[in-house]
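Build out the structure end to end from the sequences listed, making use of the hints.
Here the protein sequences line up with chains A and B, keeping their order. Just so it is clear: in the first sequence, position 46 is 46 by the UniProt record's numbering, and no numbers are missing. Just so it is clear: in the second sequence, position 22 is 22 by the UniProt record's numbering, and no numbers are missing.
To give a feel for the contact side, a few chain B residues facing chain A, derived at Cβ under 8 Å:
| # | residue |
| --- | --- |
| 1 | Leu173 |
| 2 | Thr174 |
| 3 | Ile198 |
The calculated SDA-like cross-link candidates involving lysine to any residue, where the alpha carbons are at most 25 Å apart (straight line), are:
| # | chain 1 | residue 1 | chain 2 | residue 2 |
| --- | --- | --- | --- | --- |
| 4 | B | Lys211 | A | Leu87 |
| 5 | A | Lys71 | B | Lys214 |
| 6 | A | Lys71 | B | Phe212 |
| 7 | A | Lys43 | B | His163 |
| 8 | A | Lys97 | B | Asn230 |
| 9 | B | Lys164 | A | Arg40 |
| 10 | A | Lys88 | B | Lys211 |
| 11 | B | Lys211 | A | Ser67 |
| 12 | B | Lys211 | A | Cys76 |
| 13 | B | Lys208 | A | Asn64 |
| 14 | A | Lys70 | B | Asp195 |
| 15 | A | Lys43 | B | Leu165 |
| 16 | B | Lys210 | A | Asn68 |
Just so you know, the hints here were simulated from the structure itself, not pulled from any lab data. Ideal placement from N, C-alpha and C gives every residue a C-beta, glycine not left out.
Given next are the chains, with one letter for each unit.
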Amino acid sequence: MASASSTSARSLFTDSKMRLADRVQVNVNNISSLARQITRGSKSSEILMHSARNFAVQEHLMENSESNLKKMQLLCVHLGYQHDSMLKSAQQIEEVKEQVCAMQR
Amino acid sequence: MGSEHSTHVHSSHRTASLNHDPKQSSNIRRQHTIANPGGGADHPELYDNGRPGSISPGPSVCSDTDLPYISYTVNRPIGDSPKLTNRQIVKTKRKIPTKQTKKSAHNIVVVKPAATGPNLDRDPDIMRLQSIPMFLPIMRATLNLPAARDPEVLERLDPAPLHKLCVKYQTHLTACANFVATEQNQLTQKVRETDNEIGKIISAATDKQKKFAKYAEKLAKVQELSHQLNRCHMLLNQTLESMETLNNYLDIEDRLEPFVWTTG
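Next up, the structure:
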């Protein structure tokens, strides 16, 4: 092959490759814009983002609840102690009554 | 150049295997199932015994420096003369004419006709290739002719079903997102309610605890009371005893009456 024809053939080939690449790029861009339209048009990401943000606010409330529950546990223990002491004192009243009777004799 | 190097290898393969052609009847039979039902045996001549069963060009034919298929067709002629292949109808669609290079001796290749028959096992890959529907190339025009029929593809494509499909998918996504969002909102509500309830319960519990503390404190006075009563009793007894002894220390005349504790 003469070198002149080979260079022209080379340029033709590069030209065809470029054009093919352009067409393919156009097609790919179209498909991508279609996909973007679908995702944007459905607003699914926005809705989900809103709900996720709202849920994240509840985090503070949940911490509050957890600390309150722990306090309540301690309160329960205290209440138990008080109940025991009150029971003991109530029983002692009976003894005191007997003592008073004994003193009166 | 790389392509020419590889075709040189292929041509050496070919000359070695050309002599074994009649023995490889199974290969030839396989090749003939490539033939399109509509278009005759275009391609069997393109195969090389170096890679039986494949009709695609060699690995490095499409190099950047060559137009495709030039060296593939130039350096690999079909046979010595076109007369030998008149058994099958040759439809060459190549624009570049094939050169006839003279090999060592006159190797005459006689090819058997296409094997037909219902008991022919067809290559599954080739059947799949044949079942591919006809599609248009991406670039309709050649290099020199401008593309006058470019929008033809878009005219043939009916956008309505595709549009409907996309709209359906879009609405489906929206519906799913809304569903998830409503569930999340319900969860949020429940969390808030639970937090409120816990807050109320804990305030009630703290009130109760304070009250109980007061009651317990008051009731604990009972114990103090009993202590004091005990002491009182003891003191009283002591007083009585000391009174008795004091009384006994006195003379009999001055003794008082024995002390009797009477409740008023």
